[in-house]
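When you get a sec, could you build the whole thing from the sequences and use the hints?
In case you want the letters, here they are:
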Amino acid sequence: MHNKSVAELSRALASGEVSSVELTQHFLDRIKQEDGKYNSFITVCEDSALDEARLADERRSQGNATPWTGIPFAQKDIFCTNGVRTTCGSRMLENFIPPYDATVTARFRDAGAVCLGKTNLDEFAMGSSNESSHFGATTNPWGENRVPGGSSGGSAAAVAAGLTPAATATDTGGSIRQPASFCGITGLKPTYGRVSRYGMIAYASSLDQGGTLARSAEDNAMMLNIMAGFDPKDSTSIDREVPDYTATLGEPLKGLKIGLPKEYFTDQLDPAMAQTIRTAVAEYEKLGATVKEVSLPNAHLAIAAYYVIAPAEASANLSRFDGVRYGHRCSDPKDLMDLYTRTREEGFGEEVKRRIMIGTYALSAGYFDAYFLKAQKVRRLVQQDFVNALKEVDVLMSPTCPSPAFVQGEKTSDPVTMYLEDIFTIAINLAGLPAMSVPAGMVNGLPVGLQIIGDYFSEARLLNAAHQFQLATDWHQRKPA
Amino acid sequence: MQWDVVIGLEIHVQLATRTKIFSGSSTAFGAEPNTQANAVDLAMPGTLPVPNEQAFRYAVMFGLAIDADIGRRSVFERKNYFYPDLPKGYQTTQLEQPIVGPGHVDIDLADGSSKRIRIHHAHLEEDAGKSLHEDFHGMSGIDLNRAGTPLIEVVTEPDMRSAEEAVAFAKKLHSLVTSLGICDGDMSQGSMRFDVNISLKPKGQEAFGTRTETKNLNSFRFMEQAIAHEVERQMDILEDGGVIVQETRLYNGDRDESRSMRTKEEANDYRYFPCPDLLPVEIDDTFIDDCRSRLPELPDARKARFKEQYGLNDYDAGLLGGDASLATFFEEAVSHSKDAKLTANWVQGELSARLNAEDRLISDSPISGAQLGDLIVRIADDSISSAGAKKVFDALWTGEGDNVDAIIEARGLKQVSDTGALEAMVDEVLAGMPEQIAQYKEADEKKRKKMMGGFMGPLMKASKGQGNPKLFTEILKKKLDS
Numbered sequence: 001m002h003n004k005s006v007a008e009l010s011r012a013l014a015s016g017e018v019s020s021v022e023l024t025q026h027f028l029d030r031i032k033q034e035d036g037k038y039n040s041f042i043t044v045c046e047d048s049a050l051d052e053a054r055l056a057d058e059r060r061s062q063g064n065a066t067p068w069t070g071i072p073f074a075q076k077d078i079f080c081t082n083g084v085r086t087t088c089g090s091r092m093l094e095n096f097i098p099p100y101d102a103t104v105t106a107r108f109r110d111a112g113a114v115c116l117g118k119t120n121l122d123e124f125a126m127g128s129s130n131e132s133s134h135f136g137a138t139t140n141p142w143g144e145n146r147v148p149g150g151s152s153g154g155s156a157a158a159v160a161a162g163l164t165p166a167a168t169a170t171d172t173g174g175s176i177r178q179p180a181s182f183c184g185i186t187g188l189k190p191t192y193g194r195v196s197r198y199g200m201i202a203y204a205s206s207l208d209q210g211g212t213l214a215r216s217a218e219d220n221a222m223m224l225n226i227m228a229g230f231d232p233k234d235s236t237s238i239d240r241e242v243p244d245y246t247a248t249l250g251e252p253l254k255g256l257k258i259g260l261p262k263e264y265f266t267d268q269l270d271p272a273m274a275q276t277i278r279t280a281v282a283e284y285e286k287l288g289a290t291v292k293e294v295s296l297p298n299a300h301l302a303i304a305a306y307y308v309i310a311p312a313e314a315s316a317n318l319s320r321f322d323g324v325r326y327g328h329r330c331s332d333p334k335d336l337m338d339l340y341t342r343t344r345e346e347g348f349g350e351e352v353k354r355r356i357m358i359g360t361y362a363l364s365a366g367y368f369d370a371y372f373l374k375a376q377k378v379r380r381l382v383q384q385d386f387v388n389a390l391k392e393v394d395v396l397m398s399p400t401c402p403s404p405a406f407v408q409g410e411k412t413s414d415p416v417t418m419y420l421e422d423i424f425t426i427a428i429n430l431a432g433l434p435a436m437s438v439p440a441g442m443v444n445g446l447p448v449g450l451q452i453i454g455d456y457f458s459e460a461r462l463l464n465a466a467h468q469f470q471l472a473t474d475w476h477q478r479k480p481a
Numbered sequence: 001m002q003w004d005v006v007i008g009l010e011i012h013v014q015l016a017t018r019t020k021i022f023s024g025s026s027t028a029f030g031a032e033p034n035t036q037a038n039a040v041d042l043a044m045p046g047t048l049p050v051p052n053e054q055a056f057r058y059a060v061m062f063g064l065a066i067d068a069d070i071g072r073r074s075v076f077e078r079k080n081y082f083y084p085d086l087p088k089g090y091q092t093t094q095l096e097q098p099i100v101g102p103g104h105v106d107i108d109l110a111d112g113s114s115k116r117i118r119i120h121h122a123h124l125e126e127d128a129g130k131s132l133h134e135d136f137h138g139m140s141g142i143d144l145n146r147a148g149t150p151l152i153e154v155v156t157e158p159d160m161r162s163a164e165e166a167v168a169f170a171k172k173l174h175s176l177v178t179s180l181g182i183c184d185g186d187m188s189q190g191s192m193r194f195d196v197n198i199s200l201k202p203k204g205q206e207a208f209g210t211r212t213e214t215k216n217l218n219s220f221r222f223m224e225q226a227i228a229h230e231v232e233r234q235m236d237i238l239e240d241g242g243v244i245v246q247e248t249r250l251y252n253g254d255r256d257e258s259r260s261m262r263t264k265e266e267a268n269d270y271r272y273f274p275c276p277d278l279l280p281v282e283i284d285d286t287f288i289d290d291c292r293s294r295l296p297e298l299p300d301a302r303k304a305r306f307k308e309q310y311g312l313n314d315y316d317a318g319l320l321g322g323d324a325s326l327a328t329f330f331e332e333a334v335s336h337s338k339d340a341k342l343t344a345n346w347v348q349g350e351l352s353a354r355l356n357a358e359d360r361l362i363s364d365s366p367i368s369g370a371q372l373g374d375l376i377v378r379i380a381d382d383s384i385s386s387a388g389a390k391k392v393f394d395a396l397w398t399g400e401g402d403n404v405d406a407i408i409e410a411r412g413l414k415q416v417s418d419t420g421a422l423e424a425m426v427d428e429v430l431a432g433m434p435e436q437i438a439q440y441k442e443a444d445e446k447k448r449k450k451m452m453g454g455f456m457g458p459l460m461k462a463s464k465g466q467g468n469p470k471l472f473t474e475i476l477k478k479k480l481d482s
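So the protein sequences, as listed, match chains A and B.
Here the first sequence is numbered in UniProt numbering, starting from 1 and rising by one per residue.
Here the second sequence is numbered in UniProt numbering, starting from 1 and rising by one per residue.
Derived by calculation from the structure, the hints in this document are not laboratory data.
Quick caveat: nothing in here was measured; it's all calculated off a predicted structure.
Any given hint might turn out to be false.
A few chain A residues that don't get close to chain B, going by computed Cβ distances all over 12 Å [what the hints assert, rightly or not]: (1) 58; (2) 110; (3) 271; (4) 297; (5) 402.
Simulated restraints on C-beta separations [what the hints assert, rightly or not]: (6) B:261 / A:415: 36 to 42 Å; (7) A:232 / B:228: 46 to 52 Å; (8) A:243 / B:295: 43 to 49 Å; (9) A:232 / B:352: 43 to 49 Å; (10) B:263 / A:334: 24 to 30 Å; (11) A:391 / B:245: 56 to 62 Å; (12) A:391 / B:295: 43 to 49 Å; (13) B:162 / A:415: 56 to 62 Å; (14) A:239 / B:232: 55 to 61 Å.
Where a beta carbon is used, it is the ideal one built from N, C-alpha and C, also for glycine.
In structure tokens:
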């Protein structure tokens, strides 16, 4: 049962082959049995999940089920869930129970989906290995001691381990695509503004975007059908029609123009990685696509710009965690300053503090022009590169990551090495474009993802391209031992 | 040495929108603490701001009223600092691209001249909550009902040269925003708060001296006192050869004292940057035209009209025309009374006195304009005496009655003005007062005047207070002097 896709489960529920309660119980049992190894969940919603499952079965019996009614899924613990603890992987929110739903949460709730629990993540989504979580690191089901990637590592590991058929995720610099690549599953970061950010705890507001993690492109499409759309509560969400993303999955790829950014295929790229990606691209050629080289001349500036802009926004976004209204508060504060400093010292982990300091510095009087303003200018250059390249081709392809999943602890002592993990993904966030990671091969026995980047609001196209690839290959069906 | 005083003002004006600038919470004043603060106002994780269109409309209306350029692209920035009543740890405000660009306001000075005060800009921002330091046993209480109330901060050029000018400007601005209907103008509830920048320079010198800023003055009187206080303080320092420290000061109006809050060196680095949760707002011609079409009559225009239409003098027209609610009240009253001068006197006399005594705004007056107008009709047509009119006014005020004629009737306040009946009463009363008549006849003009009261008393008594005193006096004089 846990090897079935969302689409298959949806059909099984519709036919009465299985009930939502049975399905939910099955996944809850799996989590109970297996998650000790992975630590992919921070909170498991056993009672409320079964309640939701019962309601879903009732709804189905009344004849008004949606394709999602009764389907279990997991929520990255960055989406607020009314009445269910939402930690963002931080001690700061260890006991925070929001009295409201994120818009994404509400949309799944309205569709009748069953929330199994809240998945682990790097603290405040800051990290590429899931090692900065206050609730302990998550382990990649593909290898003992391997990281699942981050920051949506809990969601990716849970899907890969068959603990949930699908999980929500967020992506600020690669946090959906890199874990998808590391865990051998399919992930989509939509166009900035496609999915509401309301109730999604902010890391870097101009870069954060909610998205999807599941085994197949089809399941990602089903998730996006629920999540996408304008939200009056999010001024940055975009009021634009939402297509049925499953409707165009079957379209042939003949004539699809693929661009390979030459800056992403240099001598520095690991040969095994390069070979895997070129093989995947060759598969696309067999499906009728044409391939050409394109250039993103400012791509090398993306990481530097990102590590000014994202921490700058984070430094303000995280100011609200001050111990005054909710969340962690230090014991017996002497005075206001003591309340602030000890609360934040105790509540935040190392990486979060590092980024708050970087961001505060970049915005400070005398440094603002040299750092923040300059980074914004670079951001526009990077964006323009993509816009230009996407005039020539329909999609861009690259490795999602420079390597397969690395070993836990390998990069924690060197933040810059860790930051370089996102070298292929980060520019897409700066540009606000949609992109996917699709399982495309194995290197050293570990899965590797192909990144497919499209123009604004071309999610249907990306999902179509990924789905056609998955009809022709079985990388997305490989499972860890 | 002779000194020039240079004053610039920053005024926070709370906009009278029903809901907050970035959330749907009510902005009503006086609710139980924290009952008007939702998840957005509390800065709960993941919540996002959504701009209130009405706040933009009000800001643009203000811009049009001061003849300012409207910022076509309005950008919100985050001003970062930690304070318990600032839930997000930053204030959402505007810096580089405010909604209202340079404009001006003309003020009238005591000598009858007028002066133009330039407005540097006005920007939209959110108010903070309130910290309450009493009654919490050494801790502080936080009330976030006010957090997120929309404000425009109006920043003037340093164009004022005295406390009088600054107060005249403040009053004019108050009259402007209340006339526009964009602010309730209730200063006791913090609807308008003034920060005053003051510097001194030797008379005639071009360059400005170092300035100080005195923050959060919430009445015209405190503002005037604070300026006087600060001018004196700076003058003392300068005349002793000292230098002024650029700093922010707090003025305590109850004690007429001020103290330094922080110096320039201690000032926060606010690390402003554009708020990524709010897209730049494009203000187009359609929106501006719509705002223009909503502009009511403004104080200067209304003053001119009151002079023209009602024949009021400059003072009355300025006073009654300057306050939108007062002007509305006055016009309603006049539409009933048809006597502008008498109505102006009653509005500025009895009515204002009673409002002040009970600390009420004209908008909460228990007497309507129509009722006052009806009362004035009865005064003008001699139906009641001025003493009677005050009794009717009282009855209306306390709610004992709501119809002027019914009150006059019920209280028997109607004057008898039938000369035949009055003459008969005079004859009857005089018949019983031969001695007084004799004394009167012998008295000179001056003495006679004094003696009139001796006859009027019994006459009023005989008429049960209803005789028209003016007619009684005329009849008496005729009879006694003949």
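Structure versus earlier hints, numbers of those that do not hold, lowest first:
none
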